[in-house]
Amino acid sequence: MNTDPAPSPREPQQTTQAARELIELLEVLWERGRDMVSPTPVSASQLRVLYSLDREEGISLRTLGDLLGSAPPSVSRMCDRLEALGFVQRLPSPVSRRQLELHLTAHGKAYLRDLRAQREEALLAVIGAMSPTSRKALLRGLTGFQEALEEGAPAASSRPGTPLKDVSSA
Numbered sequence: 000m001n002t003d004p005a006p007s008p009r010e011p012q013q014t015t016q017a018a019r020e021l022i023e024l025l026e027v028l029w030e031r032g033r034d035m036v037s038p039t040p041v042s043a044s045q046l047r048v049l050y051s052l053d054r055e056e057g058i059s060l061r062t063l064g065d066l067l068g069s070a071p072p073s074v075s076r077m078c079d080r081l082e083a084l085g086f087v088q089r090l091p092s093p094v095s096r097r098q099l100e101l102h103l104t105a106h107g108k109a110y111l112r113d114l115r116a117q118r119e120e121a122l123l124a125v126i127g128a129m130s131p132t133s134r135k136a137l138l139r140g141l142t143g144f145q146e147a148l149e150e151g152a153p154a155a156s157s158r159p160g161t162p163l164k165d166v167s168s169a
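For reference, each letter of the sequence shown is one residue, going 0 to 169 in numbering that gives the first Met the number 0.
Source of the hints: derived by calculation from the structure; they are not laboratory data. Given the structure is predicted, the values throughout are model-derived calculations rather than measurements. Be aware that one or more of the hints could be misleading.
Unchecked claim - Computed beta-carbon distance windows for the label pairs:
{"id": "1", "residue 1": "Leu28", "residue 2": "Ser95", "range": "40 to 46 Å"}
{"id": "2", "residue 1": "Ser44", "residue 2": "Arg9", "range": "18 to 24 Å"}
{"id": "3", "residue 1": "Arg54", "residue 2": "Ser7", "range": "35 to 41 Å"}
{"id": "4", "residue 1": "Leu24", "residue 2": "Glu55", "range": "25 to 31 Å"}
{"id": "5", "residue 1": "Pro8", "residue 2": "Lys135", "range": "24 to 30 Å"}
{"id": "6", "residue 1": "Glu149", "residue 2": "Ser44", "range": "21 to 27 Å"}
{"id": "7", "residue 1": "Ala109", "residue 2": "Gly143", "range": "30 to 36 Å"}
{"id": "8", "residue 1": "His102", "residue 2": "Ile126", "range": "30 to 36 Å"}
{"id": "9", "residue 1": "Arg96", "residue 2": "Glu30", "range": "18 to 24 Å"}
{"id": "10", "residue 1": "Arg80", "residue 2": "Leu122", "range": "25 to 31 Å"}
{"id": "11", "residue 1": "Leu28", "residue 2": "Ala147", "range": "21 to 27 Å"}
{"id": "12", "residue 1": "Pro8", "residue 2": "Pro72", "range": "43 to 49 Å"}
{"id": "13", "residue 1": "Glu23", "residue 2": "Glu119", "range": "18 to 24 Å"}
Idealized CB from N, CA, C, for every residue including glycine.
Produce the complete structure using the sequences and hints provided.
What follows is the structure in structure tokens.
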């Protein structure tokens, strides 16, 4: 039996506004973490490349471009910069001599590991300051959000194959 009161007509709009504000605060928190990990932090676009390669090790430039929704020349330039930083390497494909595979280097993997640790530490500090009831509500809300994405909400359909659980460690 559902004992929740009927939601107000403005509740979805208020929830959306609260989520947007939270995302903006998380972006600030994420930037601080990135700045603490390396004296030469990568751009947000380059970080997306690193996350993609972490999930899809050995993909081609074309596949990476499809994942990112970017044109091949811009993806190639981003990979050039990441290769110059020592985060990415291009290797010949074992199945086609004309294709190259993209791989994270040990340096790239260490960067992501350190970045994730910094960000997790910052989140733990904030979440640790919350009451147990608020933490449970946050977990319940985030779980519901993830389930809505996985069930094909409009935002999820614009980025197929990237459910929230795949990027939760990002």
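Satisfaction of the hinted span 35 to 41 Å by the C-beta atoms belonging to Arg54 and Ser7: With Cβ atoms ~39 Å apart, the hint holds.
query: Okay, Leu28 versus Ser95 on CB: inside 40 to 46 Å?
result: 42 Å, holds
- prompt: Range hint 21 to 27 Å: satisfied by the CB atoms of Glu149 and Ser44?
  reply: 26 Å, holds
query: Does the Cβ-Cβ separation between Arg96 and Glu30 fall within 18 to 24 Å?
result: The hint (18 to 24 Å, Cβ to Cβ) is violated, given that Arg96 and Glu30 are roughly 41 Å apart.
query: Honestly, do Leu28 and Ala147 meet the 21 to 27 Å range at C-beta?
result: 24 Å, holds
CB-CB spacing for Ile126 and His102 relative to the 30 to 36 Å hint: 34 Å Cβ-Cβ, so the 30 to 36 Å window holds.
- prompt: Within 43 to 49 Å or not, the Cβ separation of Pro8 and Pro72?
  reply: The hinted range 43 to 49 Å holds for Pro8 and Pro72, with Cβ atoms some 47 Å apart.
query: Has the hinted range 30 to 36 Å been met by the Cβ atoms of Ala109 and Gly143?
result: For Gly143 against Ala109, whose Cβ atoms are near 35 Å apart, the range 30 to 36 Å holds.
query: Could one say that the CB atoms of Pro8 and Lys135 fall in the range 24 to 30 Å?
result: 27 Å, holds
message: Range first: 18 to 24 Å. Now tell me if the beta carbons of Glu23 and Glu119 are that far apart.
response: 20 Å, holds
message: A range of 25 to 31 Å was offered for this pair. Does it hold for the Cβ distance of Leu24 and Glu55?
response: Between Leu24 and Glu55, where Cβ atoms are some 29 Å apart, the hint holds.
- prompt: Holds or violated: 18 to 24 Å for the Cβ distance of Ser44 and Arg9?
  reply: For Arg9 against Ser44, whose Cβ atoms are near 35 Å apart, the range 18 to 24 Å is violated.
In summary, the structure is inconsistent with hints 2, 9 from the numbered list given earlier, while agreeing with the others.
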